[in-house]
Every structure is written in structure tokens, then in C-alpha cells.
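Engineer: Residue strings, one per chain:
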Amino acid sequence: MSTDLLNALAIFVLAILVGFEVISKVPATLHTPLMSGANSIHGIVLVGGMLIAAEADNALSYLLAFIAMVFGAANVVGGYVVTDRMLQMFRKKPTVAKAGSETAPAATDKG
Amino acid sequence: MSTDLLNALAIFVLAILVGFEVISKVPATLHTPLMSGANSIHGIVLVGGMLIAAEADNALSYLLAFIAMVFGAANVVGGYVVTDRMLQMFRKKPTVAKAGSETAPAATDKG
Amino acid sequence: MSQQWIYTLVFFAWLAGAAAFVLGLHQMNSPATARNGNRLSAGGMTVAVLATLIYLITRTGGLSGIGFAIIAIGFLIGGGLGLYMARTVKMTAMPQLVSLFNAVGGGAAALVAVDDYVKIVGQPEQTVSTTIFVVLGAVIGCITFSGSLIASGKLQGLIPGKPIIFPGSRILTIVLAVFTVLGFLGLVLASAGTLSISSAVSIIILGLIVVAALVFGVTMVLPIGGADMPVVISLLNSFTGTAAAMAGFVINNPVLIISGALVGASGGILTKLMADAMNRSIANIMVGGFGGGEGTMAAVGGAEGGTVREIGVDDAAIQLAYAQKVIVVPGYGLAVAQAQHAVRELAELLEARGVEVSYAIHPVAGRMPGHMNVLLAEANVPYPQLREMEEVNPEFSRTDVALVVGANDVTNPAARSNPSSPIYGMPILDVDQAKSIVVIKRSMGRGYAGIDNELYTNPKTGMLFADAKDGLAQLTAAVKGL
Amino acid sequence: MSQQWIYTLVFFAWLAGAAAFVLGLHQMNSPATARNGNRLSAGGMTVAVLATLIYLITRTGGLSGIGFAIIAIGFLIGGGLGLYMARTVKMTAMPQLVSLFNAVGGGAAALVAVDDYVKIVGQPEQTVSTTIFVVLGAVIGCITFSGSLIASGKLQGLIPGKPIIFPGSRILTIVLAVFTVLGFLGLVLASAGTLSISSAVSIIILGLIVVAALVFGVTMVLPIGGADMPVVISLLNSFTGTAAAMAGFVINNPVLIISGALVGASGGILTKLMADAMNRSIANIMVGGFGGGEGTMAAVGGAEGGTVREIGVDDAAIQLAYAQKVIVVPGYGLAVAQAQHAVRELAELLEARGVEVSYAIHPVAGRMPGHMNVLLAEANVPYPQLREMEEVNPEFSRTDVALVVGANDVTNPAARSNPSSPIYGMPILDVDQAKSIVVIKRSMGRGYAGIDNELYTNPKTGMLFADAKDGLAQLTAAVKGL
Ligand SMILES: NC(=O)c1ccc[n+]([C@@H]2O[C@H](COP(=O)([O-])OP(=O)(O)OC[C@H]3O[C@@H](n4cnc5c(N)ncnc54)[C@H](OP(=O)(O)O)[C@@H]3O)[C@@H](O)[C@H]2O)c1
Ligand SMILES: NC(=O)c1ccc[n+]([C@@H]2O[C@H](COP(=O)([O-])OP(=O)(O)OC[C@H]3O[C@@H](n4cnc5c(N)ncnc54)[C@H](OP(=O)(O)O)[C@@H]3O)[C@@H](O)[C@H]2O)c1
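So the sequence lines, in the order shown, correspond to chains A, B, C and D. Note that our numbering has the first sequence beginning at 15, numbered continuously upward. Note that our numbering has the second sequence beginning at 15, numbered continuously upward. Note that our numbering has the third sequence beginning at 54, numbered continuously upward. Note that our numbering has the fourth sequence beginning at 54, numbered continuously upward.
FYI, nobody ran anything at the bench for these hints, they're computed from the structure. Don't take every hint at face value.
Said to hold, decoys possible - Quick list of in silico lysine-lysine cross-link-like pairs, DSBU-like style, CA-CA up to 30 Å: (1) C/K325 - B/K39; (2) D/K325 - A/K39; (3) C/K325 - A/K39; (4) D/K513 - D/K378; (5) C/K533 - C/K488.
None of the values given here were measured: they were computed from a predicted structure.
Next comes chain A alone, as it looks inside the complex:
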């Protein structure tokens, strides 16, 4: 394989290792926000969409690139906003931090 490909694979493997290590013991109430947060991150395909849009030179490519842009943008923007809304629930507990603090909802969101 080309060195470029090998390096890409090394990057891939390392990123996987980071992914494994970065998630530690998470309180159950954070599962959904965390999932939503990760979900926004793969919105990075938006960058892919931009790159193919710039390369596009025929009707089909235009169409595919356009849809990719729309999809990617929705994933990114929507993902981060909705995650932020979920996390509004979590305010630090006034008293000293303890298990309890992990589900401290800020009674602010009118959904």
C-alpha cells in the first residue's frame, strides 16, 4: 500500500483508540446527551460534502453534492443545538458535588 494510505490507516486506528478511551463511566442520565453529542460530530461529513461540491462538474455530481450539503448541515447544526438544549437540564448542584448532582435539571426548559 502507499505510505499515504498506511498513514491514513494509522490515523484511523489511533482515532479508534481515542474513542474507546474517551468514554468513561457516564451517569445514565447523560447517555442521551452524549449520544447526541457524538451524533453531531459525525456531521463532519459536511466537510466531505463541501469538497465534492467543489469538484462537481456534471448534473449528477451537482445533485449528489447538494443533497450531501443539506444533509450534512442539518446533522451539524441541528445536532449541536439539540444537544445543548438537552444539557440545559444539567446544572451544577448548589450543595457539594455528589451522585445527586448528576441529574440536576434546571427547571428552565419549556420544551
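Given the coordinates of chain A, assemble chains B, C and D with the ligands onto it according to the supplied hints.
Structural biologist: Just chains B, C and D with the ligands now, with coordinates in the frame of chain A:
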């Protein structure tokens, strides 16, 4: 910069991130073994020593490569063995695992 | 500044973005820092996207008008839609929205892969490795796309939540899989030159593979019960990450590879954590058939031989009104009935009468993690009244009335006592320790786990059969009347 | 098999090795899996090294006889030495050995960098980036080399443990730093072509930089007290990792870059954890002057105004012999006196008389984490008698005699009561809760933190002034005599 260098930098950054994430809350009694374990890992310069030894073509290079080999080998072999000896102390607690188990010494080592 | 240097800077920006994603996820592990984490991550994304734009504009040849139009318009439309939905969705509908965003993410990854293939097919760039990544990206992306849409539909109620198993679905799945693999091989061999197929044919094959993958995504999620959707969505989320990474290999872009792999791995771990939390295995969830199959409890007073005692609204009202200490135990039924406001009203009324009221929150009560917190937060229940399971369990013994509203499994003593029970070992709320128990539910219907609950035949328990919302309203009225 | 494919496989082997390092470190976070983790890591190293050997032999040109000889002989000598030292070192001398291995590791990294520079200087390969990495690798590697040797010497007692500050050391440090930076700039500019120096001169400059770095390493560690060495070693360990990564950039080898960066980062975090454990800041440790400065306590009974009660061997023996429950609190003094066997003897004797004996282990008692565990394990103290701090603290109130052997700071009530104390906030063993306390130490000398300990003026406390080993031997004799 060349793509090769850029990829190398990406690999470098990712490896640093892995390093940050991989160490979590460690009981104090594991600090020394963990340090020793990490110490053995950078013995990987041994590989570097092998590569320059293979390239060497003059007295100076021979010398430097040789010393590098000796040093690297000592770091690798000694590092892993001594770490293993340190860790002989830690045997799983017969009773259910608890804080206590973290310092369970196997009364075996005659040092 | 030379091309090279610009690209170098762009590369660094991408790298910084990826690092921000990692640190963001790290911070999202703990409630105190979670919100900052998400913002850090968003910042990284902004940097990465802007860098890409600059790169496209400044590179030789620059960015064609059409190209720019596609990017700008596409972003505005997609971003606008996403923003609107994210802003307006009800808190309790968020999981299906996340699933929707996940779907489009997967779709985008697939499109990038396909588009690239259309460009390189027949050209020298069409190497074996690229072809492999193209097909993987397209397949995984399409599976997530259709699968996530189904999951979203189930949660939204557009598609019946209960497991849907149509005749021959097994066979169909197998056929699809086999076909996909064959097509995959064909394209790879073609790219290797061992097999000679015209570009047109290759593209058609890829098209068919795409269709197969889309159908597969549907048949994969349909047989899974609605209650398991959070886990399924998380799994598909990890798929999308992988698809994005594959797309990254195709267009050989580091930031896609890194971020994709990151989500693929962390999403996988998270899925496992979620399954563990409601002690199920991922495999067991994916085969489907579980959950949503909520039957009705055996002949009243069957199993345990105890009998069920019904309680009238007025009796229940009196018990509550004259209690010292009441603990409300909300469950999935509260969510279904949207009774969060009703319960707050009753609680406030009782407090006005000097009763000490608090809510016992089980980590997996409801159908998504944090479901009860979301609901009650929405109803502005003062947060200090929400009590974690570990925190509140010791207090039940000192409680006069435990008011169970549409909760079932999370109160089932079988989890403690009966090793043969499917929920055995799951930590539960020790409701049965309370001096007396009032349960509001519509019938003797079972919960998510589809098992009997001896709590209902406990002599201390009075069953108030009603829809959660109505039942609470009636109680409130009755208490007022005292 | 083609060159390319062999390299591909070798690359994968390297990658697998690096992954094994990560998973190994991960497992080393918990005692149960730590040993496997270390072996996994060792396995990864073996794979990486063998793959490199195969690569060198199979590549075009192959491996010259001399090259092979250097590799084989160098490995046998180095490996043999390492193996021998690791096998024979006393458990309590391990930290200095680790420091020694760390030194040679850093040295190797520096050598790789320098050797490469000698090859490329004046050639086109001598790019700016390579030059930067060469100098960084050489400098960091040399600092660790000399620094770690000093640290090792201090722990071994070859160099006095107390902070050594010679006149003008500050200035010297600054001069060295400035020179290094200038040399660095010179070489970089030369490689950029802006500055034209002959290869010979460049090499001489690099040589001077190396010398400066070596001296710097010495002046950096000398002023730091012996007790802080574990932290210093950990920091230098992280440096070595970074140096290895730089060497990796120089010879552009992925496995060096990954592993080096991995150790650089994890070592940094670990250093912070270690400093926190004895609540110090890394900066505060590096400026030095702390620790080893163990003075003698103010005029007996000064500070607290209490007076010190001496206790005779026989009285102490009687107290111990007729106690129900005795807790032994070992500290640094036990290690200094090598009294681990003496203490076990006494304990066994007491148990034979029906006294319940256990040992209270403070996480940072002694001078290295786990110091007490190592010592007592060496003396074959039955493991169940060793009790963690959290576990044993509640029991002191039910203890008749707490026998403190050469422990000071870890028993100092000031950590709980006196906010102005340097150790305030550090969790301690609640020895003062025991019904009566016997302290064996040579004098009123202070401990590592160099502060007074009101425990000694506590009316319940009897001081038995003696070397730990002698004192314990006398007690054993006296108990036997009863
Ligand atoms: N939180 C999560 O992340 C998550 C995700 C997936 C699965 N789960 C699982 O879901 C379960 C949650 O336990 P749970 O006790 O909250 O709920 P549950 O065990 O599913 O029981 C809900 C009960 O509410 C009653 N109900 C339904 N609609 C109602 C209405 N309109 N008014 C009043 N009552 C109504 C039903 O009985 P009737 O039909 O008789 O009214 C049912 O027995 C656990 O088994 C958990 O493992 C949780
Ligand atoms: N464990 C680690 O990782 C680590 C690393 C670095 C620093 N530290 C620090 O070291 C301290 C450890 O506390 P510690 O209580 O174990 O030790 P300590 O506070 O340093 O006190 C040791 C005491 O032992 C006495 N002693 C010395 N030689 C003796 C001998 N031959 N026989 C009898 N007694 C002797 C000394 O008093 P006399 O001179 O009067 O005999 C001294 O007061 C903590 O402050 C900790 O933060 C720990």
C-alpha cells in the same frame, strides 16, 4: 510542509490525546508500577537504534548506533522485567474486590 | 502565501477541530462540564468547516460559482431546517430527532462515497483500496440512513412501536446480504482488473448495492421494539461515524477519518453502556422481539396468589392529604399520559397542606435515559425534589405513602428476590418498603419487560386504575375537596 | 513478496505494537489487570522489534554484516545488563533502577537524533523541520539522561539526598538555556540556507548543545530533595517519551512517534497524579529546596505547649502484650531502618499471645507510592493484615495501642485541624483516636514535610526514642520476657 510530515504530526497529536485519556483514576500504590510500565514503552527507541545501525557506514555512526542499541535494549528488557516484579505484589483480593484489594501484596517476593 | 502553506494551515485547523471533538466528548462524561464540552465540540466544527471553505477558495482554480452556490445554499437550507427542528422539538421528542439527524449524516457519508466513485470509475484513481472504501461507505451509510429513519418513526409513533416481523423477513435479509457481498466482490475485482466490467455496469451494480443496503436498514430495525430504540439509535450513530471515516478514506481527508473513527468507537462503547443500564445485551436487543410486547398480567392475583386491592380516588386522596411524607414514583406511563404537569399540581397542593413531597427518579424509568428528569424539568418541578435512586431508597421505610404513577418494572421486587426474572439484578426503587402504596395505572398491564409485578398484589398496595393524567386530576380535585 | 507488501506488513506490526502499548497502559490502571497489561505491552514491543528486524533483512540491500553485528551484540549486552539488574535489585531500590532505565532510554533517543544529523548535515535531506526535530530530540534526550542519572544517584544515596544549591547555579542555568536557544536558531537558519555554516561547524554546534543539555539536566535535578525524586523521575520519564517521538520524526518512523507521544502525555498526567497524592504542585517540586530538610522539632513541648512523655521499653511491652487490639503504623523510618522483619517478628509474637494485630497503610507513607506494601510484602507479612487507610481509620477508636514505627507526617493531626499547615487537607491515619499510642523514632526529628507533630505531645502518647530496628528488637525481647 510535505503531506508525510503533516500526517506524522496528525499521528503525533492523536497519540498525545490517547495518552491523556488512557490514564484514569489510579490508586496511589499503582503510581510507581505505572510509571515503570510507561518507562518500558519508550524503550521503543530500540527500533530507532536498529534502523540507524542498519544505515551506519562510518566509525562514528557505528559507535553511536551501538551505544543506542545497548541503551535501548537495557531500557526495554530491564523496564518490563522490573515492572513485572513490582506487579507481583498485586494479587486479586480473595474477598469481593474493594479499595483494599488495591494493595494486596503477594507475600512471595524475596527482593 | 503558497498553496502548500495554506494547505498546511488548513490541515492544522482540521487537526485542531478533531482535538476539540475529543476534549468535548471528554468533558461530556460529567454533568458539570457537559455543556461546555458540547460547545467546545461545536467550536471545533466551526473551525474545521471555515478552514475547508478558505482552502477551497484559495487553492489554484479556486471555487467555481456553481460549487460555491451548492455549498452556500445547501448549507443554509440544511442548517436552517436543522436549527428550526432542534429549537422547536419538545424535549420528550428529542431522541427521534437525534435519530433523524443521524439518518441524514449517514446519507451524506454515502453520497460522498458514491459521488466519488462516479468520478473515478474507469479512471486510474479507481484503485482496489478506494473501491473497497467506497462500497463500505455507501453500504454502512445507507443502512444507517434507512435504519435511523425507521427508528425515528417508531419513536414518533408514525410506525407501530411493537416489533414488526413479516413473513420471510429472515430470508429477505439473507438474500440482501449475499447480493451485497457478491456486488462488493465484483466491483473490487473490476478495480483490480481481474474482472472487466464497463463503467456503466459498475455504477449500476453500486446502485443496486445501495438499494439493497437501504432495504437492509429497514428490515434490521423493524423487528425491534420501540422501547429499545434508544440503544438502536446509539448503535446506528456509531455506524454513521464509521461511514464518515470510510468517506474520509475515499476522498482521503484526515479530519473525516479521525472524527468518523472517533464517533464509531465512542458510539460503540456508549451503546454497550446503555444496554447494560437496562441490563440487556446489544445482541439480544438487535435480534428484536423484546419490549413493546406488553401483555396483561396473569389472572388477577394469579402468580403470587395474592389478590389485588382496588382503592377509590377519595380514599387515596385522604391517605395523601394526611400523610407526613409522600414519595412520587414516576414511570413510563407518566410520559405516555403527558401527566407531568398534573403530577406537579398535586404535589404542590399537598405541600401547601404541609406534606413533604419528593420524586424518586430511577435511572432507566421511562424509555430513554433521563426521561423522567426531562419530563419533570419541563413541568418546572423544583429540582431539589428530584432524588436519585441511591439517595431516596433508604427513605421509603420512613414514607407514609409511595405514589407510583405509571411505573412498573423499576418498582418490581422480583429484581431483588427472583433470580429467574428477566430483570433480576437490576437495581430498583424499594417502593414496597413504604408504609402504604398507591399505584396509578390503567390496568394490570405489564411494563417494558413484560413480566408480572408482585408489588400490585402486596397487601399494602392500593391500585387506582386510570390514565395517569386523569387519575392525578381526580386526586387533585378530591384533595381540594377535603 | 514485493518490498512494498513487506513494508505494509511491517507497518501493521508496528501499529499493532503501538495499540498493545495503549491497551496495556489501560489495563495497568487497575491492580487486578495491571500485570496482564504489562505483559501485553511487552508482547507489543516484541512484535515491533521483530518486525523491524525482518524489515531490515528483507529490504533491498539487506542488512550488512556489521549492521547485524551491532544490533545483535548491542541487544545482547544491553538486554543482558537490564535483565540482570531488574532481576537482582531489591524491591525498595526499584525506583532508582527505573530512573536508570529512563536515563539510558533518553540517551538512546538523543543518539538516534544526533547520528541522523551527522548523516544528513550538508545534504538536501537536511530540511528545516528535520533540523528542528534533531535538536529537540538531542536536547530533551540529554536532559533526561543526565537528570535521571542524578535522580537515581540521589535515591541510591550516591549523591546526598538533601537539596544541593551551589552558588551561581541560577546564572549557570540561564546561560545554558540562552546558549542552547542560540545554537538551535543557528542550526535552523543554516538548514534554511539563510545562514551558511560548514557542516563541521554545524556538528560542533550540535555537540556543544548536547553538552549544555547534559549540564542542564544536572543543575535541574540537584536542588530537588531526595523525597521528591519519584515525581521527578516520572516527569523525566515523560520527557524521554517526547524525545523518542522527536527521534521518530527525525528518522520518520510511525511507531516511535506514536509510542513516544503516548508516554509523553500519559507520563505527564501520571506526574500530576503523583504530585497531587502528596499534595504538592509539580512546579513547587521542580523549584526544589523542599523535603530532605528534616530539622528537629522545636524545644521539646514547644509549639503546642504540651510536654513529651517518654516511655520505657518494658512499659511499652506490657501495654502491647496485654492489649486486645494493636494497630501498627509503619512509616519512612521503618524503611530507613530496614525494620520490616523486626516488626513482623513482634507482631507474630503478640498474635501468639492472642493480641489482634493489623498494619495501617497510608498511601504515601515512606518515599515512594506503595513503599510500605513493598517492604512488608518483602518481610512476608500475611497480606490480610495490611489495611487501607479508609478501611482502618474507623478502627483506631476501638484500638488499645497504636504502635507508630518511624511514621510522622502521615499521622500528623495538623493535616485535619490546622489550615496553615503545609500538609493541611492531606488525608491522614487517625492514630490519635487510639486509647494509647506508642511512637518509635530516634528523636523529635521532623518528617518529610519538616513540621512539628502534636501527636508527640498528646498525653496519650508515649515516645520510645530508638532506631526502629533496635527499638522493635528490644520490645520483642521484653514481651518474650513477660
Ligand atoms: N430509560 C431508558 O433508557 C429505557 C430505555 C428502554 C427501555 N427501558 C425499560 O423501560 C422500563 C421502564 O420502567 P417503567 O417502570 O418506567 O415503565 P414500565 O415498566 O414500562 O411500565 C410502564 C407502565 O405504565 C403503565 N401505563 C402505560 N400508559 C399509561 C397511561 N397512559 N397512564 C397510566 N399508566 C400507564 C403501563 O401499565 P398499564 O398498561 O396497565 O397502564 C405500564 O405497566 C424498564 O424496564 C427499562 O429497562 C428504559
Ligand atoms: N510515598 C510517597 O510516594 C512519597 C514520596 C515523596 C514524599 N512523600 C512524603 O513522605 C512523607 C511520608 O510520611 P511518613 O510518616 O511515612 O514519613 P515522615 O513523615 O518522612 O517521617 C519519617 C520519620 O521517621 C523517623 N525516622 C527516620 N529514620 C528512622 C530510623 N532509622 N528509625 C526510626 N525512625 C526513623 C524520623 O524521625 P527521627 O529523625 O526522629 O527518627 C521521621 O520523623 C509524607 O509527607 C509524604 O507526603 C511520600
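Engineer: Run every hint past the structure and note whether it holds.
Structural biologist: Hints, one by one, checked against the model:
Using a Cα cut-off of 30 Å, the hinted pair C/K325 and B/K39 holds, with the two alpha carbons roughly 21 Å apart. The suggested pairing of D/K325 with A/K39 holds, with an alpha-carbon distance near 21 Å, which does not exceed 30 Å. Distance hint between C/K325 and A/K39 is fulfilled; the C-alpha atoms sit about 12 Å from each other, no more than 30 Å. Taking the CA atoms of D/K513 and D/K378, the gap is about 16 Å. The hint holds against a cut of 30 Å.
With a CA separation close to 23 Å, the supplied pair C/K533 and C/K488 stays within the 30 Å bound.
Consistency with the previously given hints is maintained throughout, with no hint failing.
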